[in-house]
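So the sequences go chain by chain: A and B. One rule links them: number in our numbering = place in the first sequence (from 1) + 844. One rule links them: number in our numbering = place in the second sequence (from 1) + 486.
For the record, the hints were derived by calculation from the structure and aren't laboratory data. Bear in mind the structure is a predicted one, so any value in this text is a computation, not a measurement. Some clues are possibly wrong.
[Unchecked claim] Listed below are the simulated BS3-like cross-link pairs for lysine-lysine, each with C-alpha atoms no more than 25 angstroms apart in a straight line:
| # | chain 1 | residue 1 | chain 2 | residue 2 |
| --- | --- | --- | --- | --- |
| 1 | A | Lys-965 | A | Lys-881 |
| 2 | B | Lys-542 | A | Lys-956 |
| 3 | B | Lys-551 | B | Lys-680 |
| 4 | B | Lys-669 | B | Lys-680 |
| 5 | B | Lys-669 | A | Lys-956 |
| 6 | B | Lys-680 | B | Lys-542 |
[Unchecked claim] If you want the ones that stay clear, here's a sample from chain B, every Cβ over 12 angstroms from chain A, calculated:
| # | residue |
| --- | --- |
| 7 | Ile-499 |
| 8 | Asp-552 |
| 9 | Val-555 |
| 10 | Gly-592 |
[Unchecked claim] These stretches of chain A come out as covered by chain B in the derived footprint (C-beta under 8 angstroms, 3 or more residues):
| # | segment |
| --- | --- |
| 11 | 880-889 |
| 12 | 927-933 |
From the three backbone atoms N, C-alpha and C, an ideal C-beta is built for every residue, glycine too.
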Amino acid sequence: MVINKRRGQSMVEIIMAIAIMTVGITFSVSILMIVEKGSVESTSEMQAIFYAEEGVQAVISISDRSGTAVAVGTYGLAIQASPAEWIFSGTSDTQNGMTRVVTVSTYDADTKKVDVLVTWKPAPNRTSTVDEQVLVTDWAFL
Amino acid sequence: MTIRRGFSIIETILYVAILIMIMGTMVIFLVNVVRRESKVTMVLEVNQNARFAIEKINSIIRNSKDATVPTDGGGSGSTLSLTMPTASLSPTVFAVSNGILTMQQGTGAAVPITSSAVKVSNLTFTNLVDPTAHTRTDNTWPPVACTPQQKNGIWYGVCCYQSKEYCWDPITAIFYILFMGAKLGTCLQATAAKSVIRMAITVSAPPSGVVTNDYSASTTLYATATVPRQN
Chain A
845 MVINKRRGQS MVEIIMAIAI MTVGITFSVS ILMIVEKGSV ESTSEMQAIF YAEEGVQAVI
905 SISDRSGTAV AVGTYGLAIQ ASPAEWIFSG TSDTQNGMTR VVTVSTYDAD TKKVDVLVTW
965 KPAPNRTSTV DEQVLVTDWA FL
Chain B
487 MTIRRGFSII ETILYVAILI MIMGTMVIFL VNVVRRESKV TMVLEVNQNA RFAIEKINSI
547 IRNSKDATVP TDGGGSGSTL SLTMPTASLS PTVFAVSNGI LTMQQGTGAA VPITSSAVKV
607 SNLTFTNLVD PTAHTRTDNT WPPVACTPQQ KNGIWYGVCC YQSKEYCWDP ITAIFYILFM
667 GAKLGTCLQA TAAKSVIRMA ITVSAPPSGV VTNDYSASTT LYATATVPRQ N
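Generate coordinates for the entire structure from the input sequences, incorporating the hints supplied.
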């Protein structure tokens with residue numbers, strides 16, 4: 845009489861175990877990579893938010909000097925050397941691979957709507973944007 | 487009938503080989519986890535410090551009276567000195583010392599704003615203010631202070647026209663007010679900014695003196711804040 849009593853694991857079971865483990869590890873590693881990528885992208889998102897907010901503040905400073913200087917149109921922002929102040933320059937400006945475009949439109953007779961759009965590419969085939977809006981009023985004419 | 491007990495040498499070698507493979511993978515995996523975790527922590531630390539520093543400076547600028555360093559009219563540097571409405575907090579000075587941003591108010595001690603886990607590798611303030619922007623345009627008499635005043639029996643008064651203030655005699659004033667949209671009195675924009683501070687801060691990790699081979703993080707933020715004109 846031949847007793848065929850197998851103990852332990854067969855080769856198939858071992859292979860199965862390894863396969864499951866590999867899938868698990870790959871899954872965890874990819875999650876870690878996503879987290880890391882997310883933290884890097886949150887950095888550029890934060891930079892973009894500050895860049896847009898700066899655009900808003902710059903337009904407010906231009907409007908403070910002269911309400912009529914904020915006219916309908918599409919602008920970039922720049923710092924003029926003399927006199928030292930924020931000015932509109934060109935149709936966009938760029939910093940650290942981010943492009944900022946200021947669009948001024950009419951809101952009412954004394955007020956302009958200012959839209960600051962920051963665009964950047966977190967990956968070659970993807971575009972992200974941050975958008976801030978503010979209303980500026982030409983106080984001198986109220 | 488043959489009954490085998492225990493493992494053959496080949497089986498043992500096979501088991502050990504598999505074990506080494508599995509352990510090796512696990513170790514590589516764990517090392518990876520730890521490294522990525524430190525990198526993510528570093529990025530977060532850098533971001534939080536940069537954001538906090540710039541928000542702090544922003545809020546102090548908005549509550550200040552004047553910026554004395556850097557100089558008006560485009561001066562720039564890594565130190566910002568502000569005159570505050572409260573005398574005991576004047577001057578409030580922001581500067582970088584050994585990679586750490588500090589704030590000193592009045593005669594108090596310099597307080598660190600950023601943590602020692604990061605370094606401030608660049609800090610630039612630019613004082614943007616146009617000294618001529620809010621002066622009155624006196625295209626007629628009198629050329630200096632244009633409070634309503636009399637000369638040769640005629641009263642001259644201040645009018646606001648196209649965001650600038652003019653001293654006009656009544657006939658000119660009436661013409662501009664009726665037909666050109668000028669307003670009697672000073673332009674409200676004369677209360678505009680005293681200074682506009684543009685700042686750029688770069689916070690990076692690891693801090694000075696700490697060496698890590700394969701990871702680092704850096705964030706540059708820009709901001710503009712206005713020192714209000716307080717009368």
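Structure-based check of all given hints:
Of the supplied pair hints, the one linking Lys-965 of chain A and Lys-881 of chain A holds, its CA atoms being roughly 14 angstroms apart against a limit of 25 angstroms. For the hint pairing Lys-542 of chain B with Lys-956 of chain A, the CA-to-CA distance comes to about 30 angstroms; that exceeds 25 angstroms, so the pair is violated. For the given pair, Lys-551 of chain B sits about 8 angstroms from Lys-680 of chain B by alpha-carbon distance, which is consistent with the 25 angstroms threshold. Among the hinted pairs, Lys-669 of chain B with Lys-680 of chain B is consistent with the structure: their alpha-carbon atoms are about 24 angstroms apart, no more than 25 angstroms.
Of the supplied pair hints, the one linking Lys-669 of chain B and Lys-956 of chain A holds, its CA atoms being roughly 20 angstroms apart against a limit of 25 angstroms. Distance hint between Lys-680 of chain B and Lys-542 of chain B is fulfilled; the C-alpha atoms sit about 19 angstroms from each other, no more than 25 angstroms. Every beta carbon of chain A lies more than 12 angstroms from that of Ile-499 of chain B, the smallest distance being close to 14 angstroms; the non-interface claim holds. The non-interface label for Asp-552 of chain B is consistent with chain A: the shortest C-beta to C-beta separation is roughly 16 angstroms, beyond 12 angstroms.
At roughly 15 angstroms, the least C-beta separation between Val-555 of chain B and chain A is larger than 12 angstroms, which holds for a residue marked as non-interface. Non-interface status of Gly-592 of chain B relative to chain A is upheld: no Cβ of that chain comes within 12 angstroms, the nearest being about 27 angstroms off. Counting residues of the segment 880-889 of chain A whose C-beta sits closer than 8 angstroms to any C-beta of chain B gives 5, which meets the bar of three, so the coverage hint holds. Only residues whose C-beta sits within less than 8 angstroms of a C-beta in chain B count toward coverage, and the segment 927-933 of chain A has 4 of them, enough to reach three; the restraint holds.
The structure does not agree with numbered hint 2 stated previously, though it agrees with all others.
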